[in-house]
Amino acid sequence: MEYFPYTPRIGQEDLIDFLEERLKRRDKYIIIQAATGFGKTPVVLATLLPYVELDYKILWTVRTGNEADRPIEELKTIVDKTGIEVFGFSFRGKSDMCLLARDMFKTAAYEDATYVCSRMRKKCKYYSNYIKRRFDISLLAYKPILYSEILKYGSEEGICPYMLQYYLLDYADVVAMSYNYILREEIGKFFRYRLNFRRAILVVDEAHNLQNINLYSDRITLGTVERAIKECEENDYSRLIEYLKILRSRMLEMYKEIRSKGEEDRLFSPEDFNEILDYALLEDMKRKGESIRRKMLDRGKRPRSSLHHLARFWLSVLELFEVNGIAFIANVERDNLILEIWDMRSGEILSDIWPQFRCVIFMSGTMKPIDAFAETVGLNTYNHIIIPSHYAKERVRSMVLTGITTRGEHLSESMRRRYIDVIKTFVKMLNVNKAVFTASYRVQEELIEAGLLDEIANYGELFIEQRGMRGDEARRLLDEFKKRGHGERDGILVAPMGGRFAEGADFPGEELEAIILVGIPFDRVTARTRKYIEYYESLYGGEKGRYYAYIVPALRRASQAMGRALRSEEDKVLIVAADERYRKYLNLLPDYFTNSCVQVSLEDYEGRLKDMSNLFNS
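Here the numbering used here is used: the first residue of the sequence shown is 4, the next is one more, and so on.
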């Protein structure tokens, strides 16, 4: 408790005691499940800080770089309140930290920034100033700092902030970063060079995401091929055009075949594209694509080449062909065909990574069942703790609604009508910010097509998550929705479970107080889903394999959606699980939901909802 900066809440001292004991016993793998809003980050961070004095580093990994600031913000609080001398920072990639790429393009994707750095490093003034050590490390490495502070210092002093981060690794006690720097060898090789993993404790935050890491996945589209042909025409690579036109023709045939059968996707074999799968040809494509990238950069344009991407994709296909756990998927989206390398492996790859560290701590609010999580991420032995939720029963009202389900390929007309009526009653009766989290975009679009939005528009301002929504557009929508919780007119968020709002956003207090789950977010049974289940059945046996591949991920997505409204003990939420199949899976749902859950028929729904709505009058 020495470094914990807050008054402990229920369960936090129990977790600290558990962690201290497991670390003293030199346990290798520790799994923590505690509900969203419990305060896992400050508890774990404070418990690990004494190991800094023993010359261990704490490596804190998160799903995306955007989330890396959170543990460092908590570290700042610990330092401010306890006076401990510790240095840590949030690490970001070149797309955020390359000043030269920013000078050239204002914003740069990771691949663009990486290419600019590799091609122009010798001429880069920022890198030159870094090499000449034209900076005072004492101005940075004395207290916890966010990546934005490193970026600001680098910009003001004319020094490469990306390389500054690597220099700071030698001084850091705590580093927060994306999973990729640990899991992807080609990205994390400099980390391995600068850090001794044997003297590091790794924390994997939101660890339920690990099952879907897809480390070696890639994709191309018909558009990729069209752009590659155009590049060849512009650069007089006439010999390659012939092969690319054959590829385009094959892909168009595949597109028509999938469409004619009314399917979404199918598995394909690399042998379907024998004409293009010639190693010498692909290496020639890659070299010519590299030449195009150099020319683009010389002209001050983004160094992109579809020809180069195409070559890399097919070279990867050659390398991964017949590797167990790799699938090749042809997927139809609107008027496009996507060819994808899909890496289904998690346990096999991850089991080689974890032993490199002194200790690995996995934590999330949605890891039940623990044995399934452990097996799918490559753990044979582990110790775990499940912290009961700290939300008072009277602050969470929940029901499973029977007589309604999204089961099947499509919703029948009568089922669409039932769902629209249920949702309309929900938004009409509850005068708070509310979310309609749908099982999938497909279900969401079917309900919208059947008139959902017209039926509910009078009961709040609508905010709809759509396919392909840009990040900046999504942020604006999210901010506007949250404001409605404090305004006169309530907001109604309509979004799929597993999407950016149902998993990646938090809505404390009045920002979200009522949630209805429209169905269970099972993956649609397509060629991709069948292959995934088949692969897991080959690893874990028939019944268990299907459970791990199909059932557990869907209920984790539902659990994530339920937790969006809960961040503190003061929050309150009403949750309707609108699919009778939830009754079978209560053991996979959060205890704050099941502790107060009642089963309600369609006939009794409106009355029970009215009774539960008094939650917002108390």
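The hints are simulated quantities; they were obtained by calculation from the structure and are not laboratory data. One or more of the hints may lead you astray.
Derived DSSO-like pairs (lysine-lysine); straight-line CA-CA distance at most 27 Å [what the hints assert, rightly or not]:
#1 Lys486 with Lys547
#2 Lys155 with Lys304
#3 Lys613 with Lys427
#4 Lys396 with Lys128
#5 Lys396 with Lys60
#6 Lys79 with Lys109
#7 Lys155 with Lys60
#8 Lys109 with Lys84
#9 Lys259 with Lys192
#10 Lys146 with Lys125
#11 Lys125 with Lys192
#12 Lys427 with Lys486
#13 Lys587 with Lys613
#14 Lys233 with Lys135
#15 Lys126 with Lys289
#16 Lys125 with Lys298
#17 Lys547 with Lys31
#18 Lys304 with Lys125
#19 Lys125 with Lys109
#20 Lys264 with Lys84
#21 Lys84 with Lys146
#22 Lys84 with Lys27
#23 Lys27 with Lys109
#24 Lys109 with Lys128
#25 Lys534 with Lys547
#26 Lys248 with Lys259
#27 Lys587 with Lys534
#28 Lys587 with Lys427
#29 Lys60 with Lys192
#30 Lys109 with Lys248
#31 Lys192 with Lys248
#32 Lys84 with Lys155
#33 Lys79 with Lys128
#34 Lys289 with Lys31
#35 Lys125 with Lys84
#36 Lys146 with Lys60
#37 Lys534 with Lys259
#38 Lys125 with Lys135
#39 Lys304 with Lys259
#40 Lys264 with Lys248
Everything numeric in this text was worked out from a predicted model, so none of it was measured.
For each hint, the structure was consulted:
1. Restraint check: the Cα-Cα separation between Lys486 and Lys547 comes to about 44 Å, which exceeds 27 Å; the hinted pair is violated.
2. For the given pair, Lys155 sits about 25 Å from Lys304 by alpha-carbon distance, which is consistent with the 27 Å threshold.
3. Taking the CA atoms of Lys613 and Lys427, the gap is about 13 Å. The hint holds against a cut of 27 Å.
4. Of the supplied pair hints, the one linking Lys396 and Lys128 is violated, its CA atoms being roughly 60 Å apart against a limit of 27 Å.
5. For the hint pairing Lys396 with Lys60, the CA-to-CA distance comes to about 40 Å; that exceeds 27 Å, so the pair is violated.
6. Simply put, Lys79 and Lys109 have alpha-carbon atoms about 30 Å apart, too far for the 27 Å limit, and the pair is violated.
7. Only pairs whose Cα atoms come within 27 Å are accepted, and Lys155 paired with Lys60 is accepted, the gap being roughly 25 Å.
8. Note on Lys109 and Lys84: the hinted pairing is violated, with a Cα-Cα distance of about 38 Å set against a maximum of 27 Å.
9. Between Lys259 and Lys192 the CA atoms are separated by roughly 43 Å; this puts the pair beyond 27 Å, and the hint is violated.
10. With a C-alpha separation of about 32 Å, the suggested pairing of Lys146 with Lys125 is violated against the 27 Å cut-off.
11. Taking the CA atoms of Lys125 and Lys192, the gap is about 21 Å. The hint holds against a cut of 27 Å.
12. The hinted pair formed by Lys427 and Lys486 meets the criterion: a straight-line CA distance of about 22 Å does not exceed 27 Å.
13. With a CA separation close to 26 Å, the supplied pair Lys587 and Lys613 stays within the 27 Å bound.
14. For the given pair, Lys233 sits about 43 Å from Lys135 by alpha-carbon distance, which is inconsistent with the 27 Å threshold.
15. Only pairs whose Cα atoms come within 27 Å are accepted, and Lys126 paired with Lys289 is accepted, the gap being roughly 25 Å.
16. Straight-line distance between C-alpha atoms of Lys125 and Lys298 comes to about 18 Å, which keeps the hinted pair within the 27 Å bound.
17. In summary, the hint linking Lys547 to Lys31 is supported, as the alpha carbons are separated by about 26 Å, within the 27 Å threshold.
18. The straight-line distance between the Cα atoms of Lys304 and Lys125 is roughly 19 Å, inside the 27 Å bound, and the hint therefore holds.
19. Restraint check for Lys125 and Lys109: the C-alpha separation of about 21 Å stays at or below 27 Å, so the hint holds.
20. Annotation: proposed proximity of Lys264 to Lys84 is violated, straight-line Cα distance about 64 Å (limit 27 Å).
21. At most 27 Å may separate the alpha-carbon atoms for a hinted pair to count; Lys84 and Lys146 meet this at roughly 13 Å.
22. Taking the CA atoms of Lys84 and Lys27, the gap is near 26 Å; set against the 27 Å cutoff, the hint holds.
23. A hinted pair counts as satisfied when its Cα atoms are at most 27 Å apart, and Lys27 with Lys109 does not qualify at roughly 49 Å.
24. Pair hint Lys109 plus Lys128 holds up; C-alpha atoms about 17 Å apart against a cutoff of 27 Å.
25. Straight-line distance between C-alpha atoms of Lys534 and Lys547 comes to about 15 Å, which keeps the hinted pair within the 27 Å bound.
26. Our distance criterion of 27 Å between C-alpha atoms is met by Lys248 and Lys259, whose separation comes to about 16 Å.
27. A C-alpha spacing of about 25 Å is found between Lys587 and Lys534, which places the hinted pair at or below 27 Å, so the restraint holds.
28. Taking the CA atoms of Lys587 and Lys427, the gap is about 26 Å. The hint holds against a cut of 27 Å.
29. Taken as a hint, the Lys60 and Lys192 pair is honoured in the structure, with Cα atoms around 17 Å apart against an allowance of 27 Å.
30. Annotation: proposed proximity of Lys109 to Lys248 is violated, straight-line Cα distance about 35 Å (limit 27 Å).
31. Distance check on the hinted pair: Lys192 and Lys248 sit about 38 Å apart at the alpha-carbon level, beyond 27 Å; violated.
32. At most 27 Å may separate the alpha-carbon atoms for a hinted pair to count; Lys84 and Lys155 meet this at roughly 26 Å.
33. Annotation: proposed proximity of Lys79 to Lys128 is violated, straight-line Cα distance about 32 Å (limit 27 Å).
34. Taking the CA atoms of Lys289 and Lys31, the gap is about 43 Å. The hint is violated against a cut of 27 Å.
35. Pair hint Lys125 plus Lys84 does not hold up; C-alpha atoms about 44 Å apart against a cutoff of 27 Å.
36. Annotation: proposed proximity of Lys146 to Lys60 holds, straight-line Cα distance about 15 Å (limit 27 Å).
37. As the CA atoms of Lys534 and Lys259 are separated by approximately 22 Å, the hinted pair is consistent with the 27 Å bound.
38. Between Lys125 and Lys135 the alpha-carbon distance is near 13 Å, which keeps this suggested pair within the 27 Å criterion.
39. For the hint pairing Lys304 with Lys259, the CA-to-CA distance comes to about 36 Å; that exceeds 27 Å, so the pair is violated.
40. Between Lys264 and Lys248 the alpha-carbon distance is near 25 Å, which keeps this suggested pair within the 27 Å criterion.
The structure shown violates the earlier hints numbered 1, 4, 5, 6, 8, 9, 10, 14, 20, 23, 30, 31, 33, 34, 35 and 39.
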